[in-house]
Amino acid sequence: MIATVNRCHLAALILLIFVSVSWDVFAGPKASRKTTAESSGAASSDSSMELSGEELWSNNCLRCHNIRPPTMYGNAQWDVIVHHMRVRANITGREQRAIVEFLKSSK
Amino acid sequence: MKKIRHYYLAAVIQSAVLAAASPVARAQDATTDGYVTRKEYEELKAQMLAMKKELEAIKKEKGAVPKQESAESQAVADLHKEVAPPVVEPEGPLLGTTKFYLGGWAEGMFEARNGRVSTFSASFNPIFLWELTPKLLFESRLEIEPSGGGTNVNLVYAQLSYLLNDYITLGVGEFFSPSNVFVERFEPQWINKLPDRPLAVYHGILPNISVGAEVRGGFPIGPTRANYAFYISNGPSLNAFDPRNAGTLDFNSYTDNNDDKAVGGRVGFLPIPGVEVGYGFETAKPGFQGTTFAHVRSLVQSVDLDITRDSDLLKGRINLYAQYAWSKVDHAVYDPDGSLGFGPLAFTSKRDGGYAEVAYRPTKMDMDFIRNLEMVFRWDHLSRDPSGLGDPEERRWTLGLDYWLSPSTVVKAAYEWDNPRGEPNRNALLLQAAMGF
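Protein chains in written order, with the working numbering: chain A, -6 to 100; chain B, 11 to 447.
Treat the hints loosely; a few may be bogus.
Stated by the list, open to error - List time: in silico PhoX-like cross-link candidates among lysine-lysine, alpha-carbon distance up to 25 Å: (1) A:Lys100 x B:Lys374; (2) B:Lys374 x B:Lys360; (3) B:Lys145 x A:Lys97; (4) B:Lys338 x B:Lys325; (5) B:Lys338 x B:Lys360; (6) B:Lys271 x B:Lys338.
Unchecked claim - Some but not every residue of chain A turned toward chain B, in silico, with C-beta under 7 Å: (7) Arg61; (8) Thr64; (9) Gly67; (10) Asn68; (11) Ala69; (12) His76; (13) His77; (14) Met78; (15) Thr85; (16) Val93; (17) Glu94; (18) Ser98.
Hints were generated in silico from the structure; no laboratory data involved.
Being a predicted model, the structure only gives us computed values, none of them experimental.
Where is the CB? At the ideal position from N, CA and C, for every residue including glycine.
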């Protein structure tokens, strides 16, 4: 049993190292990665404190599921849905407000 | 002075004569032939005076109505003030009168598994969200599915949460256990990329649902982010009377069996957007109060990894999800007097299991049909039941292909190689359609 657990931990560690090392290879050229941020006039920093509503929406929602277009719901519905997702995904109040603002302004 | 008086007297007399003569002159001018008699003049004068009086009477009558109405309105307003409290305009929406959203998902599935009868199944899972105020949210989900000759309706969760500030949320009720990342984030079938759920984290080692209170939130740390969720709940109960699952934890018992409360939580760290690593735990006394198992303690731990990345090189999006969990229940003697037919059986219960899943969707390809496809591969594992008398160790490999009809509507097909150690395989063909709304 202990040997099995150790093997699994070792495999997980190797996988983590592999992903870390190959990160830029998977992501492709850096210039193209900035497209979304630049098109929305967002800050170029990776800091979550400086990400735009669009980037926060994309980064947080896509991690679990496909994103739904802003036009799919009304403003009041987005208020409720993003409130729900704030609790579920542990995003901050600032991030919640930025995402809601982006969704409402993108219609 | 005397001379001045004479001038005044002459002026007054002259004015009186002119005043007396002028109506006569005007009356004379008003006739067709240039002259009217004194009698005609007097008749016209009388008619004019009568009309003048009539006009004044009408004016008075007309002017009295608004005054009367305004007096009545004032009386009603005064009465309203007496019986009704003053209306205070709220700063935000009134409690209980605000935003409601009905969402959820539905699915239909076909499963053909080796050694079992093939079957269709279906479920409808409505989610109710009420934002009572911008800080207060109630959410609940039902699971409705056909079963036997009827329909099962289960309350999956029901939680009231309050946003204390930007970084802290308080919650109470029945909620997904934060240490179980799969259940909390990927369990809805329009999100889960394969038709079935992974071993160990869904059924087995980790808690799915907790009844209690929690505190959770997220916060930035420089350019990185972290999140947390800690809770206190009724906790699991210890299976002690069935030889097959003796020493395992039952997380589906939502009412408590002792005064001890389970404490658990999870902390997550996001070094860069799209990458999260986490550690979760839950410790409890799962034994029934008053039994020899009352002081037995359990500890469940897990690690998880979540990576999402858009790749220009691979022309698509990659998701990697993994979670591994292990549990320990203190040394205990099951069926100590042999009355249950399998004891005495003494052991420290240990289990482990988890899964790793990789999905690739070519979102940057030109053809719509190709862009809507997603390939999924999953490995999952669950160790044997700790008593040695139950289920054997199980490993599965699953390969799936999804087609996305919309962002939240998917058709899935998968084949699962399922190999319980020492038993015939349980390989399965799984087909499913799911829609989130």
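Here is how each hint holds up against the structure:
1. Restraint check for Lys100 of chain A and Lys374 of chain B: satisfied, since their Cα atoms lie roughly 24 Å apart, inside the 25 Å limit.
2. Using a Cα cut-off of 25 Å, the hinted pair Lys374 of chain B and Lys360 of chain B is violated, with the two alpha carbons roughly 45 Å apart.
3. Of the pairs offered as hints, the one joining Lys145 of chain B and Lys97 of chain A holds, with about 19 Å between alpha carbons and a cut-off of 25 Å not exceeded.
4. At most 25 Å may separate the alpha-carbon atoms for a hinted pair to count; Lys338 of chain B and Lys325 of chain B exceed this at roughly 44 Å.
5. Of the pairs offered as hints, the one joining Lys338 of chain B and Lys360 of chain B holds, with about 5 Å between alpha carbons and a cut-off of 25 Å not exceeded.
6. Of the supplied pair hints, the one linking Lys271 of chain B and Lys338 of chain B holds, its CA atoms being roughly 17 Å apart against a limit of 25 Å.
7. Here the hint on Arg61 of chain A is kept, as its CB sits about 5 Å from the closest CB of chain B, short of 7 Å.
8. At a threshold of 7 Å, the smallest CB-CB gap from Thr64 of chain A to chain B is about 12 Å, leaving the interface hint violated.
9. For the restraint placing Gly67 of chain A at the interface with chain B, the shortest Cβ-Cβ distance is roughly 10 Å, beyond the 7 Å limit, so the hint is violated.
10. For Asn68 of chain A, the suggested interface contact is broken, since its CB lies about 10 Å from the closest CB of chain B, more than 7 Å.
11. Interface restraint check for Ala69 of chain A: the shortest CB-CB distance to chain B comes to about 5 Å, inside 7 Å, so the restraint holds.
12. The interface hint given for His76 of chain A is met, as the beta carbon of that residue sits about 5 Å from the closest beta carbon of chain B, less than 7 Å.
13. For His77 of chain A, the shortest C-beta to C-beta distance to chain B is roughly 5 Å, which falls under 7 Å, so the interface hint holds.
14. Hint on Met78 of chain A is violated. Least Cβ distance to chain B is approximately 10 Å, over the 7 Å limit.
15. Given hint, Thr85 of chain A at the interface with chain B, holds; its Cβ is 5 Å from that chain's nearest Cβ, closer than 7 Å.
16. Against a cut-off of 7 Å between C-beta atoms, the interface hint on Val93 of chain A is violated, since the closest Cβ of chain B lies about 10 Å away.
17. Hint on Glu94 of chain A is violated. Least Cβ distance to chain B is approximately 14 Å, over the 7 Å limit.
18. A cut of 7 Å between beta carbons decides the hint on Ser98 of chain A: the least distance to chain B is about 18 Å, and the hint is violated.
Consistency with the previously given hints fails for numbers 2, 4, 8, 9, 10, 14, 16, 17, 18, ordered from lowest to highest.
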